[in-house]
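Student: Chains as they are written, first to last, in the UniProt record's numbering: chain A, 1 to 153; chain B, 1 to 153; chain C, 1 to 153; chain D, 1 to 153; chain E, 1 to 153; chain F, 1 to 153; chain G, 1 to 153; chain H, 1 to 153; chain I, 1 to 153; chain J, 1 to 153.
Just so you know, not all the hints are guaranteed correct.
DMTMM-like, lysine to aspartate or glutamate: derived pairs with alpha carbons at most 20 Å apart [as the list claims (entries may be wrong)]:
1. K21/D - E69/A
2. K50/E - E32/E
3. K151/A - D144/D
4. K29/B - E25/A
5. K140/A - E70/B
6. K21/C - E73/E
7. K113/C - E58/D
8. K152/A - E132/C
9. K151/G - E25/F
10. K151/E - E132/C
11. K113/F - E132/E
12. K152/E - D144/D
13. K113/D - E19/E
14. K130/F - E19/F
15. K151/B - E19/J
16. K113/C - D116/D
17. K135/G - D137/I
18. K113/A - E112/B
19. K152/E - D26/D
20. K130/E - E25/F
21. K140/J - D144/I
22. K130/J - E32/I
23. K152/H - D137/I
24. K135/H - D123/F
25. K152/B - D129/J
26. K125/J - D137/I
27. K130/G - E112/H
Quick caveat, the hints were computed from the structure, so don't treat them as lab data.
Values in this document were obtained by computation on a predicted structure and should not be read as measured data.
What follows is each chain in one-letter form.
There are 10 protein chains.
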Amino acid sequence: MTDPKLSAVQTRMFQAKAERKLSFEDIGKAMECNEVYAASIFYGQAKPSKHEVQKLCEILNIPTNHLVEEMGEHFYPSRGGLMSMPPTDPTLYRFIEMIQVFGYPLKAIIHEKFGDGIMSAIDFKANVDKIEDPKGDRVKITLDGKFLPYKKW
Amino acid sequence: MTDPKLSAVQTRMFQAKAERKLSFEDIGKAMECNEVYAASIFYGQAKPSKHEVQKLCEILNIPTNHLVEEMGEHFYPSRGGLMSMPPTDPTLYRFIEMIQVFGYPLKAIIHEKFGDGIMSAIDFKANVDKIEDPKGDRVKITLDGKFLPYKKW
Amino acid sequence: MTDPKLSAVQTRMFQAKAERKLSFEDIGKAMECNEVYAASIFYGQAKPSKHEVQKLCEILNIPTNHLVEEMGEHFYPSRGGLMSMPPTDPTLYRFIEMIQVFGYPLKAIIHEKFGDGIMSAIDFKANVDKIEDPKGDRVKITLDGKFLPYKKW
Amino acid sequence: MTDPKLSAVQTRMFQAKAERKLSFEDIGKAMECNEVYAASIFYGQAKPSKHEVQKLCEILNIPTNHLVEEMGEHFYPSRGGLMSMPPTDPTLYRFIEMIQVFGYPLKAIIHEKFGDGIMSAIDFKANVDKIEDPKGDRVKITLDGKFLPYKKW
Amino acid sequence: MTDPKLSAVQTRMFQAKAERKLSFEDIGKAMECNEVYAASIFYGQAKPSKHEVQKLCEILNIPTNHLVEEMGEHFYPSRGGLMSMPPTDPTLYRFIEMIQVFGYPLKAIIHEKFGDGIMSAIDFKANVDKIEDPKGDRVKITLDGKFLPYKKW
Amino acid sequence: MTDPKLSAVQTRMFQAKAERKLSFEDIGKAMECNEVYAASIFYGQAKPSKHEVQKLCEILNIPTNHLVEEMGEHFYPSRGGLMSMPPTDPTLYRFIEMIQVFGYPLKAIIHEKFGDGIMSAIDFKANVDKIEDPKGDRVKITLDGKFLPYKKW
Amino acid sequence: MTDPKLSAVQTRMFQAKAERKLSFEDIGKAMECNEVYAASIFYGQAKPSKHEVQKLCEILNIPTNHLVEEMGEHFYPSRGGLMSMPPTDPTLYRFIEMIQVFGYPLKAIIHEKFGDGIMSAIDFKANVDKIEDPKGDRVKITLDGKFLPYKKW
Amino acid sequence: MTDPKLSAVQTRMFQAKAERKLSFEDIGKAMECNEVYAASIFYGQAKPSKHEVQKLCEILNIPTNHLVEEMGEHFYPSRGGLMSMPPTDPTLYRFIEMIQVFGYPLKAIIHEKFGDGIMSAIDFKANVDKIEDPKGDRVKITLDGKFLPYKKW
Amino acid sequence: MTDPKLSAVQTRMFQAKAERKLSFEDIGKAMECNEVYAASIFYGQAKPSKHEVQKLCEILNIPTNHLVEEMGEHFYPSRGGLMSMPPTDPTLYRFIEMIQVFGYPLKAIIHEKFGDGIMSAIDFKANVDKIEDPKGDRVKITLDGKFLPYKKW
Amino acid sequence: MTDPKLSAVQTRMFQAKAERKLSFEDIGKAMECNEVYAASIFYGQAKPSKHEVQKLCEILNIPTNHLVEEMGEHFYPSRGGLMSMPPTDPTLYRFIEMIQVFGYPLKAIIHEKFGDGIMSAIDFKANVDKIEDPKGDRVKITLDGKFLPYKKW
């Protein structure tokens, strides 16, 4: 991964991961969390708990204080900002295209099933499955967010 | 739905749907397709087959030639363009936020599981489920796209 | 109000309000809701309930079916999009300036008091008070939103 | 806090704050000012008085001349510019969304209560309260600005 | 004036002004206000008082209720939005160029003379004088705004 | 002043000015020019004469060849580019707001008084006066530019 | 010419020109002006004199009052705004490309020959010549503008 | 020249030029080419021939291999990108303004004289002349490009 | 085709084509030109000859004068502007993605094979072939443009 | 090649290529792949196989571990982002102009020949041929991508 601007500590984390030939699946297992969530810590998109920082240091063999300095208790991520919008990378762009094309239909179905409100991106989980298929394997992404109804006052 | 710019025929379709109090679920059932797919026809984001046009006209009670004129065989959608980017509507914006925050992690997991390539937005299906939950119902969106590996030449 | 693009029905609502010399405070009282919330219905930024539509028609003397056609059960607002960003109107721009200048400080305080998460703009209320002051009256806006903590998974 | 571009001295201030495990509440108390105001000095969004600079140096244990060099009498902040617009961070974005959705309603109410003019973002105070609530704690932000009427000439 | 988007009533006001060969100086005199201020009413950038609406109707020979409908008591301008930014018209662009080139110097001088704060664009007057000069007449624009010091809290 | 990107020599000039507690008024007097003009040299927005470079070096106690290397005879400024547009700093933004709101009225008055043409931003002077006022001091900016009539050919 | 947004009167002028198979060279001769200047009146980019309006009406066979209403004495063009920037039309784009590539070299030569200042776009003439050449005819555009030196004050 | 981003070698070329007090006219003569073309090599906008690189090294007293490394046979310029668009520098901006205002008229005249096609910016020459004039010297820029007719197929 | 903004005559051409169930291949054959070129006339991207206009009118059964009025001798297209950039339609977007990803490699190969210059988009032909393939048919687009070497002067 | 932002390793690859006077054709032959594909590895736009990395190191005489560290198994390119959009370089811009002008015609022909779907930019090959021609050599670019039909569900 070269394109997203990474801090010195994040770069070190990715290098350690590459050298030890660890996948995010390996790392997620060691940290007892989902692999997408594990990856989001590497990209500075989640706040790891004390326990998670410690686990990360063990797996990646990085001295704990190095990670604590940047990702310690005082750290609250400034999320996003990794990509230009729309992103030029085709793997990322396809996600945007899905929203560009099917965003209004998805909004319409959500309103029909739940009423006026949104699908939370905070009380939210995402995961990726590989569905093997003789005609070509398929990527299955599941997005799972709490429905939040609009308040009146 | 007021915001997305709709053609005269699309507006008429939405009005007929509202008057007859039809949901996209009803319409999808009648058309023998997924409700998200059905909605995407209303928004001009999919090319309906001859059979689908006919079914639509029946359910909505619109003379067939009206729909054929705009959505007939000669019609190939110019997809997207319904929303500004990023969209201002919160329900739509959350989809973009999910990509802004979790896009790079999702890309990383796809590459780890499948190698260098993309998740297709063309050989693609999406659907929405309502997961009831005493702490607040949850929206579950499943995105299912073929993995396309990059070619060398 | 001339600048925000309004639909024919919204324009009619504003005209009726002007002719009858009603303030949003009057309308909110009649609808049993906050005046900011009442105004947000006029701007197409909230979904009125059946009861609220009826009340609006009474106060404004507009035939119910006119409002129902555009703001009935099938209607789910596409929110935002009323202003360019940043807005050129000075009253609106000052709100953006407050965020430009004090946004990061506010984010920092929220994290210190609540942890990693956001202040909801959905489970949210806003109101405006006039604080009389001999040195010049003051506008007091209170924003009240649920804290939503980020999930791990 | 990693995202907003900070000067060398600002970075040092945040590091000292993290090492000493000080909250902005602690710092505000020591400086005899509101915590939001205190944070805005760290982000370079306010001009500290001589006395405030001295207090800051004491609490953070930074030699006075280091701060004076960058934040001394000659210093007048170039405010804003910390975030892209709209910001990608969800905590910051929600503030913008509140304006996008409720900005015109707020403007309308201000005009109805005060007449033609603006709410000042200069003669202005903001503060954050935590409202405990069994259904989920709430963030209460109070914005308090002088009303400035438009002049005729 | 063709470029700025004008409402039907504003267009009518400009047409009446052209037919009667009135300058803004004439109109300002009749309305007992500065000519720049008078012009800003034509462009929808100021809220005319009841008296000013009446005077305008007399000078322009437009029935009062026509103006009242659009510029009556209920009317609060959404200011700005008349030009793209930067404007393409050379007369307008030069104003922006003055700020692009001399904006930071002006800010520096204001801070040196007044301290930390801004020059108000609300408690504000502008006027234009013609200074005759054998080497070419000169335009003298005077901008006069209250200094507003930043508050601490 | 931290925000505008300054070259190494410009930064040194501002530091010397701060250390010696010189105002632009002091510097302008020493250089026999207006303070706004003097400030514009510090920001790289004007080409100083040989004599002005020498004077600057004396007042700021910087070796002449340092300034000559960057601001010598070969130097012609690339003006502007110090701020994003619109600028986020409130003091700068108000200048833009004045043009956004009163730009078309000013253009109209210039045409009425001078005919078809522009107010030059090249054959141009600006200055700032402090008008003391018990209700709050006022900033008076005078912009003085040659009128340039459009040519026909 | 379809793309640039033209007013009703401008469209009529272009239609009359097409029907009568007049070139701008013909029109310029009749109006006793350069053909580029004549074209700029059709595009609303110049203010025609009374005499020029009359001549235009004769050549195009349009009743004088039609043109006077839109292009009369009260009319001062809002110049520019005919094209997006950069323009998509290749003939227009090449002009921008010339500036993109050779703009800084041209600026450098102007400064070397004239000193610090600009080439006026107001006291300005442009014309187009066809240079026949067996290897392919050449377009020769001559831009002729007064040099305006920057003032000190 | 400070604003355009220059490579280390380009900066060295400009410094050498300044130290030796060479104009682009001097350099063009030594290189046997037009001064605008010579300047475009300094800005990285043209590919110098082997011979031109050698001549440049002689005039500027830079070791040949230094220039060859960056501007040798392998070098093909990535043209443009020196300025933001529109440029903020007034000398550069006026060029853009000429196109904004007179671009469509110039396009119209080219089509009338040559038919459907463009004026090449590749098979292209530009030069600058100083026309002395008692009312103020004039800048004369001649743009000379091959006409390229659109192909049919 | 709904998305690209079409003039009244262009819309009529597309309707006639749909009613008569003509492909661009049919139309190209009748007009004795390539189908891509034929389509570009429908989209207002090429200037048809007198003969081509006549042929078009015959095939589409549109009275000649209707087409002549909009696409006659006086007509020179303002090309481009049919899509936003980047386009949201996936079929169009893929073209841009090819340039985003492979644009610099293509530029590098062109320079290596031809030297410093460009591939013309004016002296240019494009065509589309369908290559049948049991693993999925392939689209083959051939772009054929004259190489234009940069001039020195 | 100076403009596209290259990583340290990419810069080294380009330098080695220049020193050894290798063309991408030479490199492609040694790597047993197309020259455009070979160039796309240099620009970080393709993921080289282990074997390709080794071959590259041999040809360029770079120690294998240097390339492996940046382009090893863990590396998945973030594609695009090399150019601003639209690009300012004329060779690159012409590609975009081809799409701007002929994009909709190409889309129309693809739909007529293949139905509703896209031409893949992933299962995709591009190559460049030099067609010698006495009237000027021609660049022939062949784009070859799989047709992907839209799914229904």
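Student: Taking 20 Å as the top limit, are the C-alpha atoms of K140/A and E70/B close enough?
Tutor: Not satisfied, since the Cα-Cα distance of roughly 34 Å exceeds 20 Å.
Student: Starting from K130/J, check that the Cα of E32/I is at most 20 Å away, please.
Tutor: Measuring from Cα to Cα gives roughly 27 Å; hence the hint is violated.
Student: Holds or violated: K151/E and E132/C, Cα atoms, limit 20 Å.
Tutor: With a Cα-Cα distance of about 18 Å, the restraint between K151/E and E132/C holds, given a limit of 20 Å.
Student: Given the hinted pair K152/B and D129/J, is their alpha-carbon gap at most 20 Å?
Tutor: This hinted pair holds, its Cα atoms lying about 18 Å apart.
Student: Straight-line Cα separation of K130/G and E112/H no greater than 20 Å?
Tutor: Within the cut-off at roughly 11 Å; holds.
Student: Within a Cα-Cα threshold of 20 Å, do K113/F and E132/E meet the stated pairing?
Tutor: Within the cut-off at roughly 11 Å; holds.
Student: Holds or violated: K140/J with D144/I, Cα cutoff 20 Å?
Tutor: holds (5 Å)
Student: For the pair supplied as a hint, K113/C and E58/D, confirm whether the alpha-carbon distance does not exceed 20 Å.
Tutor: violated (24 Å)
Student: Would the hint linking K152/A and E132/C be met if the CA-CA limit is 20 Å?
Tutor: violated (28 Å)
Student: Hint check: K50/E vs E32/E, CA-CA at most 20 Å. Holds or violated?
Tutor: holds (14 Å)
Student: Mind checking the alpha carbons of K113/D and E19/E for me, to see if they're no more than 20 Å apart?
Tutor: Violated, at roughly 39 Å.
Student: Hint check: K135/H vs D123/F, CA-CA at most 20 Å. Holds or violated?
Tutor: Distance of about 15 Å is within 20 Å: holds.
The structure shown violates the earlier hints numbered 3, 4, 5, 7, 8, 13, 14, 15, 16, 17, 18, 20, 22 and 23.
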